[in-house]
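**Student:** Below are the chains, spelled out letter by letter.
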Amino acid sequence: MTGAPGTCSACAAPVGASDRFCEGCGGPLFEVPRPIFDRVAIPRPVALEGPCADCGNEVFSDGYCTGCGHRRAAPDRDEAKLGAMALVTDRGLLHSRNEDAAAAGTVTGVPGRLEAFAVVVCDGVSTSGEPQVASAAASKAGVEGMLVELADAGATHAAVVAGLAAATRAAADAATGLDPQNAPSCTYTGAAVVSKGQGAVEITVGNVGDSRAYWLPEPPGLARQLTLDDSVSQELMTAGAAPDSELVQRGAHTITRWLGADSEAQPWADSSVQTLTVTGPGTLLLCSDGLWNYLPEAADIARFCSGVDPAAAARALTDFAIQAGGNDNITVAVIPIGANT
Amino acid sequence: MSSTAQEGIPGFSVDVDHNPYLPEGSGTVDAIVSITVGSDTAVDAAPTERVEAIIVDCSTSMLKPAGKFDGAKRATAAAIDELSDGTYFIVVAGTASAAPVYPLDGVPTRASAATKAEAARVVDGLWPNGGTAMGTWLAYVRDIVGQYPGALTHAILLTDGKDEHETPEQLQQEIALSVGRFTCDCRGVGTAWRVDELRSISSALMGTVDIVADADDLAEDFAAMMRTSMGKSIPDLTLRVWTPAGATVEFVKQVAPTVEDLTHRRVEVSGQIGEYSLGSWGAEDRDYHVQVAVEPAAAGKEKLAARMTVVAGDQVLGQGLVNALWTAEVALSARINRRVAHYTGQAELADAVQQGLAARRDGDVATATAKLQRAMELAVESGNDDKVAELGKVIDVDERTGTARLKREVAAADEMALDARSTKTARVRKENPA
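Protein chains in written order, with the working numbering: chain A, 5 to 345; chain B, 13 to 446.
The hints are simulated quantities; they were obtained by calculation from the structure and are not laboratory data. Hints are not guaranteed to be accurate.
Stated by the list, open to error - To give a feel for the contact side, a few chain A residues facing chain B, derived at Cβ under 7 Å:
1. F41
2. G71
3. C72
4. H74
5. P79
6. R81
7. L98
8. S100
All figures in this text were calculated on a predicted structure; none of them were measured in a lab. Using N, Cα and C, we set each Cβ at its ideal position, and we do this for glycine too.
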């Protein structure tokens with residue numbers, strides 16, 4: 005913010021050496037603290053350089069190795085860490101590509117506020133065209149929308165709604181140039197977390213579709229699912245159907261809300277956004293159905309996280325889903341809260 | 013993967029139609045590759061010259077029955093009439109040797125109203141006298157077209173009898189020496205010639221073969237053949253097939269408009285690249301069935317099983333990619349591509365007809381009946397109506413019981429027509445892009 009000595013850096017008006025504000029434009033003449041943003045997103049784009057992972061050959065043509073013919077593919081798994089948060093996404097065993105995405109970001113350096121962070125997990129709807137485009141765009145835009153709001157006002161509920169809105173636009177824009185009859189679409193589960201001091205942490209989650217957020221407090225706290233799936237089976241259960249009934253089982257993977265060019269203008273309901281304040285340590289966990297299909301109970305997921313390094317917990321959960329069949333892409337975000345960080 | 017964008021070559025396309033999904037452990041990839049050359053397709057190496065040779069069988073047998081030789085002369089004149097101005101042409105009399113008819117000095121002349129009229133007049137004065145040695149005819153044309161490198165070179169060969177005044181080995185040797193030098197359409201008039209003999213010429217020299225039972229029909233057929241030849245604009249297209257390390261090209265077959273196995277014509281460029289000559293092209297489209305065996309990969313993996321590049325001279329006109337995706341989802345891998353299935357059936361149909369007729373000639377009624385019945389089934393299934401009609405002249409199949417019986421009386425011309433046309437396939441619509 006410092007311009008030439010004796011002038012305002014914003015309007016170049018002459019200023020005195022002891023002035024705190026410019027006489028010309030009214031702007032500050034001292035260093036203003038600016039929020040610091042850090043971000044990660046996975047899976048990272050396929051590397052376009054380097055030798056073939058299968059045979060070591062250096063030459064590719066049309067994306068295929070000229071030696072063994074293998075397509076230059078994304079690695080089966082991608083991981084990222086940001087602060088204490090750990091993200092893992094994996095192709096699984098059956099799907100030919102990973103259509104999930106995860107992103108996270110932190111805001112620090114805002115005077116008078118503790119660290120705030122934002123996390124999103126998206127799962128591409130595999131019956132839509134190029135769903136990985138939607139999930140990548142929505143997860144990044146959701147985090148960005150939340151970070152801006154967190155830096156601005158620090159309110160988690162507003163941040164989650166801002167993230168949902170930004171992600172909705174990004175998923176719709178992802179359809180540009182693609183078949184409009186089969187627009188890419190994805191689920192979205194986002195969380196904004198702000199430390200309130202004295203061990204209190206405010207968490208807001210918002211979701212569209214059937215990716216989930218769980219709160220897994222350290223024992224003896226009770227682990228629980230924070231989000232409600234937007235799925236046919238959840239609607240049936242809300243209407244009173246038994247969880248193990250055939251109808252519910254059949255509707256488990258039919259989602260009723262999604263992000264994409266063909267979704268509603270506001271695809272989330274007000275009840276899709278939930279805020280809680282926690283005071284004890286625990287883990288906030290976001291995941292795609294590639295994980296919870298095999299571990300639907302919050303308590304079972306909690307056992308993988310309690311007292312375990314977040315990255316190790318995220319990997320162990322992903323490995324569990326793969327060993328259980330790996331039927332779908334798997335994405336896990338582990339966010340330690342409170343004393344165990 | 014259905015096709016790749018072709019840039020810069022109007023009217024030209026390479027399309028790949030296949031089911032890319034394979035079950036784990038399997039490595040056999042089948043694809044139908046369709047190549048289209050449009051009337052507006054122009055290639056860098058466009059030929060400057062055309063050379064046409066018309067070989068008229070002048071063996072003594074052409075005298076009988078009356079009218080056969082007159083038909084042949086009228087047909088030759090009709091073909092000459094179709095020549096584009098400026099085309100180099102020559103008419104050759106085929107006997108136990110080959111001799112120029114027009115121009116008499118054996119040097120092709122350019123077609124013009126004057127030369128065409130003169131050639132027709134000279135042909136009209138021909139008189140058959142001699143034997144039949146088709147290998148010498150091919151050798152004669154080969155020497156002539158060799159004087160015009162890079163030109164579009166084509167011959168029409170007409171005969172009424174068997175190759176007699178040379179050994180079969182001599183004929184096969186002359187055919188082999190002529191491969192790639194000129195295209196040769198073969199026609200047999202009457203029923204005293206041998207289908208397999210003419211087919212060995214037309215197949216190797218990338219032409220057509222057919223019977224013209226009645227000499228009166230020759231003129232129309234000759235004119236059509238010459239018109240088609242005048243429509244050719246590219247002397248030779250080459251299919252360059254790249255396969256990944258460890259893969260094998262099991263076969264490359266032209267499957268439309270006729271079945272022609274090109275597998276053994278592979279010219280090795282490198283360990284992973286082989287080239288197959290596709291002959292001369294006009295505005296037309298042809299389909300090829302390619303089968304590649306690749307090393308299987310794990311579910312979720314994708315690899316390129318073959319890259320099909322079409323080349324004219326040094327110019328790459330376009331390419332199609334045949335990918336393979338391994339999956340554990342049986343619903344995906346079990347799906348058989350409709351066109352792969354159709355052309356597999358058409359190739360089997362051609363084999364069944366030829367094997368059935370061979371067995372019939374050998375007196376093996378059981379094999380002949382089984383093969384021709386199978387051919388009839390395949391023809392009916394695939395909607396190949398021409399083949400159903402032709403087969404109906406040699407075999408009766410009871411529609412209700414399915415019982416098949418060889419016809420006792422079969423006209424020689426009908427049997428030969430079935431044989432000569434056995435490789436003609438019915439087309440199937442391209443798959444609608446998913």
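**Student:** A separate judgement is required for each hint: does it hold in the structure or not?
**Tutor:** Okay, the hints, checked on the actual structure:
no.	hint	verdict
1	F41	violated (35 Å)
2	G71	holds (5 Å)
3	C72	holds (5 Å)
4	H74	holds (5 Å)
5	P79	violated (12 Å)
6	R81	violated (12 Å)
7	L98	holds (5 Å)
8	S100	holds (5 Å)
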